[in-house]
Structures are given as structure tokens and as C-alpha cells.
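Undergrad: Can you make the complete structure from the sequences, with help from the hints?
Just so you know, the sequences run in chain order G and L. When we follow my numbering, the leftmost residue of the first sequence carries the number 138, and every step to the right adds one. When we follow my numbering, the leftmost residue of the second sequence carries the number -8, and every step to the right adds one.
Hints were generated in silico from the structure; no laboratory data involved. Wrong hints could be hidden among the right ones.
With the Cβ distance kept under 8 Å, some of the chain L side facing chain G (calculated, not the full set) [stated by the list, open to error]: (1) P39; (2) V54; (3) Y63.
Just so you know, even glycine gets a beta-carbon here, dropped at the ideal spot from N, CA and C.
Each chain is listed here by its residues.
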Amino acid sequence: MEEVKLLGTWSSPFSYRVLWALELKGIPYQYTEEDLYNKSPFLVKCNPVHKKIPVLVHGGKPICESMVILEYLDGPWPHNPLLPSDPYERAVARFWAKFADDKGTVIWTMFRSTGEEQKEAVKGSLEMLRTIEDLALGDKKFFGGERIGMVDLAFGALAHWLGVFEEIVGIRLLEPESFPRLHKWTKNFKEEPAIKENLPDKDKMLSNFRCLREKLLASP
Amino acid sequence: MGEVKLHGFWASPFSHRVIWALKLKGVEYEYMEEDLSNKSQLLLQYNPAHKKIPVLVHRNKPVAESLVILEYIEETWPENPLLPLDACDRAMARFWINFGEQKGPVFFNLFRTTGEAQEKTGEEVAQILKTIEEKALGDNNFFGGNTLGLVDLSFGWLPHWFEVTEQVQGTKLLDPTTLPRLHAWAQNFKQVPVIRDNLPDPQKLSAHLKRLRGNLLKN
Chain G
138 MEEVKLLGTW SSPFSYRVLW ALELKGIPYQ YTEEDLYNKS PFLVKCNPVH
188 KKIPVLVHGG KPICESMVIL EYLDGPWPHN PLLPSDPYER AVARFWAKFA
238 DDKGTVIWTM FRSTGEEQKE AVKGSLEMLR TIEDLALGDK KFFGGERIGM
288 VDLAFGALAH WLGVFEEIVG IRLLEPESFP RLHKWTKNFK EEPAIKENLP
338 DKDKMLSNFR CLREKLLASP
Chain L
-8 MGEVKLHGFW ASPFSHRVIW ALKLKGVEYE YMEEDLSNKS QLLLQYNPAH
42 KKIPVLVHRN KPVAESLVIL EYIEETWPEN PLLPLDACDR AMARFWINFG
92 EQKGPVFFNL FRTTGEAQEK TGEEVAQILK TIEEKALGDN NFFGGNTLGL
142 VDLSFGWLPH WFEVTEQVQG TKLLDPTTLP RLHAWAQNFK QVPVIRDNLP
192 DPQKLSAHLK RLRGNLLKN
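TA: Given below as C-alpha cells:
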């Protein structure tokens, strides 16, 4: 099997989506930590359009965008599939994966803002969580059913990053009483060995994101 | 293959992406025009998360989000493939489809601004179009290579819709002198029979977009 490399950063949920997928499928890979303030020439060569992580390099060929990478992985490594085999179920999975990407930014907005903008973002975040709780998860253990799938990985930031953001801004969104299913899902998700053993250190995250928030609020 | 219905809106490029894919694959379907100011109960039931068109209903099961629908159509009716067979090439196709999605809001910004703000956004749009021409299209006739593929359908709003929008918003970014290959692709795209025969009337579209822009500029 050809060599697999992952270019990522320790604090990015997008990076982790791919890392978790590789771990779940038992794919050996070489990880390179990128410094986003000093991007490597290799990263820029692999992703000239966005110059962003994560990038998966398989047999020398780069694949960019975390969800595009996840879609790619089932091809060369079909075991422990990330997507179901039935076309309709695949469409449902892709719908929620897209939802995670399209709507997920509202949580980032809540994190990087104050005042009215933050109030609106909180409202948007709660609406998003309500939709996921009521429509996406149902009574399943994971979005993928009995096993973790692509949608679980797409929503992975909710399981670990959201808690960090909530603590920093002092706003609690994912309350167990309001979102029992989603709350239970975060516990189940983080208990899976491939996830549990691959999560960024919480204290390091608090310190890093606290610093980042100050920087973002200070700049125009 | 089971009954197929499409809930769409005559002016929507997202709706048309699905029409084109169904027609390219020779799939028979029943079209339901939605009044977006008075959405049908069925639509709200089929897409409770977004309440938007297009929604494809196949064997009574709804699929929402145009790009998700395109992938579904590709997998359910594999004849006349619209995605490459090679996994890496497929990833590249999905990368560009994703690129178009990410940049959509910038084009919308162009539409709902005037003066200096519009000029500034115009510079950003020009860069995006240049990237699409140089990196996505290259020297190919279509994004899919020699024939249409999902990437072409996903960029299908550039010909026709963006051209009409440019007249309405007073810009001239998709220009044959600055973007010869992309401009040529846009004209070729519109000549493909399935596309040519399934485009909204330009006058009706222009009036619709003028109204939309007027409302956006007022608020």
C-alpha cells in the first residue's frame, strides 16, 4: 500500500476529522504538524488554492478539504466504511455532513464575537443544535448507526471543541436537559478508543483558544 | 426504477443542476414548481431542516441539497457517468465543487452591494474566477474533461445566471478578454442540448433578479 501522509494542526477539528478516520480504519500514516503562521512549502505545494490543512497525501497525490478526504478514504480502504452502502442512506449522510459544514461556522462566530453579533450567533447555534437533536440523530447511538461514520466525524467539533468555546465565552449551549440525545452522543463519541486516544489536551486548548479570542477581538 | 419527483423553482440554478443531471441520465421525472413565498406542505415535510428547494423524491424518499442530490443521481443511475472513475480524480472533482460552494457568498455580496463595497468585492470575484479558469478548467473543454460532469453542473450558474446578474448589477467580470477559457466554457456549456433546452427565460430571469436586488438594496 502506498504511503499516507497527513498535514494537520493539533488544535483543528478539521484536522481531527481525518485523523480519526485514519485511526478508525487502521490506516498507517505519517503525521506532520503544520505551523499556520509559517506554512511549509510542502503544504503550499499540496494545497495551492487554499493553503490550508488538513491535506492527505496518498502515494504522492494530495487531497484537500476534510470532507473530500473522508469521501475519498472508503475507496482505497473499504473496511470500516465511513459511508453506508445504500444510495439513499448515503444521501442522508451527505446531507448532514454538509449541514455540519454549512451551519457549524455559527459556533465559531459565537466564539470570536461579543455583543449583538454574539447574541445572534448564540441564537443560531441553539437552532442548529435543536435541528441536529430533533432531526439528525434520532434514537441512534451514532449518526452512522451502531458505528461511527462520516457524519459523526463531521460533527466531531461539537463533542470536544464546543465545550472549550463554551467555557471561554461563559455561555452554555449544549445542556443535557435541552439536548439529551446530542449530549449522550458526545459521551459515546468520546468513549470510542479511536477518538478517546486522539483528542487534543483540554487545558492546552483552553489556553490556546483563549489567546486566540483575545487576538481576534483586538484586531479590526 | 421507481417514481421520481422534483420540487424546484423556475429561477433557481440549484434546481436546474438537478434537472440537467436527470436529463443527462435520461431519468423520467415529474416536476413540481414551488412558490417560495407559499411553500407547499410537502416541501416543508420533505426538507424540515432548511425548507428549501430543490428536493428530489425517489420512491417516496426525499433527498435535499442540490449537490447531495447530484451524488445520489450519479449513484442510483450509473449510466452516462458524471464523476470520474478514479478515486483521486473524483476527489479533485469534489474539491472544485466544494470550492464553488465556499465562494458562493462572495458572489452574493457582489449582487447585494453597490459603489465602493461592490468594487472591492468585484476584485475578490475576479480572483476567484481566475482561479477557476487556471486551476480548475485549465485547457479542458469542460471541467469534466471532454464531456460534462458534476463539476460543470455545479458551476452551471456562471453561464446564464451570472451573465444576467452582471447586467442587472452593472459588472463585467466574466469577460472574454480577461477570462478567455472560462468565457468559452460558459458559451459551450449553454450549447449542450440538455442545458440549452433547460434554462429559464432570460428576460423573465432578469426581471426577477432586478426585483430581488431592489429588495436587498432597500434593506
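Undergrad: Now tell me if each hint is right for this structure.
TA: Right, here's what the structure says about each hint:
1. P39: Result: holds, 6 Å to nearest chain G Cβ.
2. V54: 5 Å, holds
3. Y63: Interface hint status for Y63 (chain L): holds (4 Å vs cutoff 8 Å).
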